[in-house]
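Novice: Protein sequences appear in the order of chains W and H.
Just so we're aligned: 75 in the working numbering is position 75 of the first sequence, and the numbers increase by one with no gaps anywhere.
Just so we're aligned: 1034 in the working numbering is position 34 of the second sequence, and the numbers increase by one with no gaps anywhere.
To be clear, the hints were calculated from the coordinates, so they are not data collected in a lab.
From a predicted model like this one, the values you see are computed outputs, not experimental measurements.
Be aware that a few hints might be false.
What the hints assert, rightly or not - Stretch by stretch, here's where chain H covers chain W in the computed footprint (C-beta under 8 Å, at least three residues): (1) 52-65; (2) 71-82.
Claimed, not checked - Cβ-Cβ distance ranges computed for the label pairs, FRET-style: (3) H/Phe1039 - W/Val112: 52 to 58 Å; (4) H/Glu1048 - W/Ser58: 29 to 35 Å; (5) W/Val24 - H/Ala1004: 38 to 44 Å; (6) W/Trp54 - H/Gln1003: 21 to 27 Å; (7) W/Gly57 - H/Leu1033: 25 to 31 Å; (8) W/Asn106 - H/Ile1046: 56 to 62 Å.
Every residue gets a Cβ at the ideal spot worked out from N, C-alpha and C, and that includes glycine.
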Amino acid sequence: MPTLAKNGRRGLSAAVLVVGGALVAGAVWIGGEPGVAAVVFGAYLVFAAIAFKWSGGSGDVAAIMRGGSDERQRSIDLRATAAGGTATALFTVAAAIVNIARTGGNPGPYGVICLVFGASYGVALVIFRRRI
Amino acid sequence: MTQADLGESLGVSRQTINSIEAGRYLPSLPLALRMARLFRVGVHEIFEMEKED
Chain W
1 MPTLAKNGRR
11 GLSAAVLVVG
21 GALVAGAVWI
31 GGEPGVAAVV
41 FGAYLVFAAI
51 AFKWSGGSGD
61 VAAIMRGGSD
71 ERQRSIDLRA
81 TAAGGTATAL
91 FTVAAAIVNI
101 ARTGGNPGPY
111 GVICLVFGAS
121 YGVALVIFRR
131 RI
Chain H
1001 MTQADLGESL
1011 GVSRQTINSI
1021 EAGRYLPSLP
1031 LALRMARLFR
1041 VGVHEIFEME
1051 KED
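Turn these sequences into a full structure, and let the hints steer you where they fit.
Specialist: This is the structure in C-alpha cells:
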C-alpha cells in the first residue's frame, strides 16, 4: 500500500501517535509499571491504525492529518489550533486561580503553564508582526 | 467541468472549490489569480465586492 497520499503523507498522524505513544509508554515503564506501559502503547497503536485509515480519505480532516492541505484547510487547521489553545489557556488560568485560593498564593504547575503561554504568545506576536 | 476537476487544476480540494462557490471562503489573491488565468478572464469577472465588504 503506498504511504504517499494524493497530498501529503498518509502515515504522518499515525507516526506522530506511535512516537508519542512510545514516549508515554516509556515514561510509564520507567515509572515502574511495565504492564501498564504495554497497554498504553497498545492503545496508541490502535489510535495510530485509526488515524492511518482516516488519513486515506478525501475529506478536509484527512487532508489536514496528512499535512498536505490546501490554503482553506490550513486556515481551518489554524483556527482549530487557536480555539484549542484559547480553551486550554482559559482552563489553565481558571485552574491557577482555584489553586491560589486553595493554597493561599501558590498557583502550582498551572502558573508555569500560564507563564509559558503568555511568553510564547508575546514572542509569536513579535515574530509574526515582522514577517506578515 | 466538475468542482473536483477545477480543484485538481488549481491544486486545491473539491471542498475548497465548493466553499468558494457557496461564498463561505474567500480565496487568497494567488488562488484568485490562478483561477482567473485558468478561465482566461479578469479576477473582477469572477469575484466582485459586495456592499458590506
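Novice: If a hint holds in the structure, say so; if it doesn't, say that too.
Specialist: Now for the hints, and whether the structure bears them out:
no.: 1; hint: 52-65; verdict: holds (count 4)
no.: 2; hint: 71-82; verdict: holds (count 4)
no.: 3; hint: H/Phe1039 - W/Val112: 52 to 58 Å; verdict: holds, 54 Å
no.: 4; hint: H/Glu1048 - W/Ser58: 29 to 35 Å; verdict: holds, 31 Å
no.: 5; hint: W/Val24 - H/Ala1004: 38 to 44 Å; verdict: holds, 40 Å
no.: 6; hint: W/Trp54 - H/Gln1003: 21 to 27 Å; verdict: holds, 22 Å
no.: 7; hint: W/Gly57 - H/Leu1033: 25 to 31 Å; verdict: holds, 30 Å
no.: 8; hint: W/Asn106 - H/Ile1046: 56 to 62 Å; verdict: holds, 59 Å
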